[in-house]
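Colleague: Each chain, letter by letter, is given below.
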Amino acid sequence: MDWNCKISDERLSEYLDGKLPAADASAFATHTAGCADCAQLVARVGRLVGQMHELAEIEEPPQLIQNILDATIGPRTQKEGWKNWFSWVPKLWQPRFAMGIVTVAASLTIVIHSTGITPGKIKRADLNPASLVRSANRQLHLTYARSAKFVNDLRVVYEIQSRLQPAPEPSPNSAPAPEEKQSRPDPSTPQQKSDKNPPRDRTQVHGGSMFAVLMPATLPASTIATLTRSPQ
Amino acid sequence: MEPDAQLVQQCLRGEGPAWEELVRRHAKRVYNICYRFTGNATDAQDLSQEVFLRIYRTLASYRPAYGAFPTWLTSVTRNLLVDHYRRTRHDRVTDSIDDAMPVLEEKHSQARTPDRLAEASELSAQLQRGLARLSPELREAVILRDLQGLEYNEIQSVLEVPEGTVKSRINRGRIELARVLEEMGVRPS
Numbered sequence: 116m117d118w119n120c121k122i123s124d125e126r127l128s129e130y131l132d133g134k135l136p137a138a139d140a141s142a143f144a145t146h147t148a149g150c151a152d153c154a155q156l157v158a159r160v161g162r163l164v165g166q167m168h169e170l171a172e173i174e175e176p177p178q179l180i181q182n183i184l185d186a187t188i189g190p191r192t193q194k195e196g197w198k199n200w201f202s203w204v205p206k207l208w209q210p211r212f213a214m215g216i217v218t219v220a221a222s223l224t225i226v227i228h229s230t231g232i233t234p235g236k237i238k239r240a241d242l243n244p245a246s247l248v249r250s251a252n253r254q255l256h257l258t259y260a261r262s263a264k265f266v267n268d269l270r271v272v273y274e275i276q277s278r279l280q281p282a283p284e285p286s287p288n289s290a291p292a293p294e295e296k297q298s299r300p301d302p303s304t305p306q307q308k309s310d311k312n313p314p315r316d317r318t319q320v321h322g323g324s325m326f327a328v329l330m331p332a333t334l335p336a337s338t339i340a341t342l343t344r345s346p347q
Numbered sequence: 006m007e008p009d010a011q012l013v014q015q016c017l018r019g020e021g022p023a024w025e026e027l028v029r030r031h032a033k034r035v036y037n038i039c040y041r042f043t044g045n046a047t048d049a050q051d052l053s054q055e056v057f058l059r060i061y062r063t064l065a066s067y068r069p070a071y072g073a074f075p076t077w078l079t080s081v082t083r084n085l086l087v088d089h090y091r092r093t094r095h096d097r098v099t100d101s102i103d104d105a106m107p108v109l110e111e112k113h114s115q116a117r118t119p120d121r122l123a124e125a126s127e128l129s130a131q132l133q134r135g136l137a138r139l140s141p142e143l144r145e146a147v148i149l150r151d152l153q154g155l156e157y158n159e160i161q162s163v164l165e166v167p168e169g170t171v172k173s174r175i176n177r178g179r180i181e182l183a184r185v186l187e188e189m190g191v192r193p194s
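Residue numbers (this note's numbering), protein chains in the order written: chain A, 116 to 347; chain B, 6 to 194.
Just so you know, the hints here were simulated from the structure itself, not pulled from any lab data. Given the structure is predicted, the values throughout are model-derived calculations rather than measurements. Heads up, the beta-carbon is just placed ideally off N, CA and C, and yes, glycines get one too. Check before you lean on any hint, since a few could be wrong.
[Unchecked claim] Simulated restraints, written as ranges between beta carbons of each label pair:
| hint | chain 1 | residue 1 | chain 2 | residue 2 | range |
| --- | --- | --- | --- | --- | --- |
| 1 | B | Ala73 | A | Val217 | 41 to 47 Å |
| 2 | B | Ala10 | A | Trp208 | 26 to 32 Å |
| 3 | B | Arg68 | A | Glu125 | 31 to 37 Å |
| 4 | B | Tyr71 | A | Gly215 | 46 to 52 Å |
| 5 | A | Leu223 | B | Ala73 | 50 to 56 Å |
| 6 | B | Ala10 | A | Pro234 | 51 to 57 Å |
One chain only, chain B, in its complex shape:
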């Protein structure tokens, strides 16, 4: 049994530390999806909290046979994000993402010079602006594939759409994002 499934079993037996461990393992992942989707740190934090609250309440319904825990968690996160998107459709301001950007690091940062960090931070901000201009369907597909590193079949499980649709959304999302960034004057180096 995978570690997450074991932790879930321990949570269901009422072991508090297991739940704490589960939260610590996946909080960053959930927060990243929420942040990339909403483009707002405060919303991302509130939504992350809401995701874990929902997970906590429905933990008994999780079955390892249906898929890995992270996939289930991502699916719950995505559904909540869609709800949030619909709820805030009227009062959304897409340009309100310039609030404090979290500090970013590069994965392969052998040379973590201030210049490189500033460059990565700038790229992240530009990318965030570009993502905000995509439709929710394309945005979530790009986020799950390129920022969360999910495989096509995992995205299919999360979005509950056919594989052809997943491929199409990822492809259109990437091309659209590249076009939007070019319009914004951003040229990937």
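With the rest of the complex left out, here is chain A:
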């Protein structure tokens, strides 16, 4: 085809839209490269098309959709009376709000459980402010007393554990300390040494008298009896 200005003019938009066959597009480009008028037209229209494509859609007026719905399916009935008061409730049934409600409920359950409140046993009299203060005060003192007892028990248990724990045996390879050499009792004179330094007899250390002194009130008698029983 003998490409000329008239053909370029007619097929300009197809060229700009990429709808021309490859051979025609090539002929178009060749002609335009050698024709100042056609090149100017292509540039001008090309810029215009580019700018129109860049323009975003215009936002419709906010009331348009409502007007259309009113004109077609009629105005939606507004909830009246007490139902209107709870119109916000359905909006809460979104995943984020539901998760929040579940978390708060779980936290409240944990707090109620830890404070020892049984919701089923609550009476009307319990909701009296004076009763509430008294109950909170009592609960506070009970918690403090339990904590104090726990710490005391723990102290006693560690004390017993440290007493019962056998002293580490000296290694046979290790050389005895010089003091130990001096203080080692002579087998020939056992009575003489025992008067000054009585031997540390484990059976005697485990004696019940010491436990009785250590924990007269903190441990039950059965526990003390078990602990003071001599190991076989």
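Since the structure of chain A is provided, determine the placement of chain B on it from the hints.
Modeller: This is chain B only, laid out in the frame that chain A set:
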């Protein structure tokens, strides 16, 4: 089945929310076509409402086999615009488009500075003035192709004219618009 066709089926079963969804999906498109064609925000709003009223009444006649719902919607819009154009031919004032311009945004607006927005708004206003000076046939072809992004075959379905006519109208519309804008002293940068 495409989402629009499903919504249409639900509308025909009398489900109100489906119609509402359909309106929300396409209101902007219809409004844009009407606004670009008439150049008047009030007329565009009234015509958009009229388009949806007509769609609502004739929804049962829509067949997905005949084409996508947006194409059918655009076709109804275009027919209504042509009716409106003929109706108002005598009392039309083409220079009455300087009323409040809607706020525009650029599609690729990484830098949405006030300068760029003002520039886009100015360009849109100039373009609107230029479109108003085109004949309705050329104007609708340019609007559908360059502002609505329809393909040639879709425009052919909407306008119900041969493909050669569509190509010709788009081409003549663009060249004419470029000439008009140049006469107005607007030089696309």
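Colleague: Among the hints numbered above, which are violated by the structure, and what are their numbers in rising order?
Modeller: Checked against the structure, no hint fails, so every one of them is satisfied.
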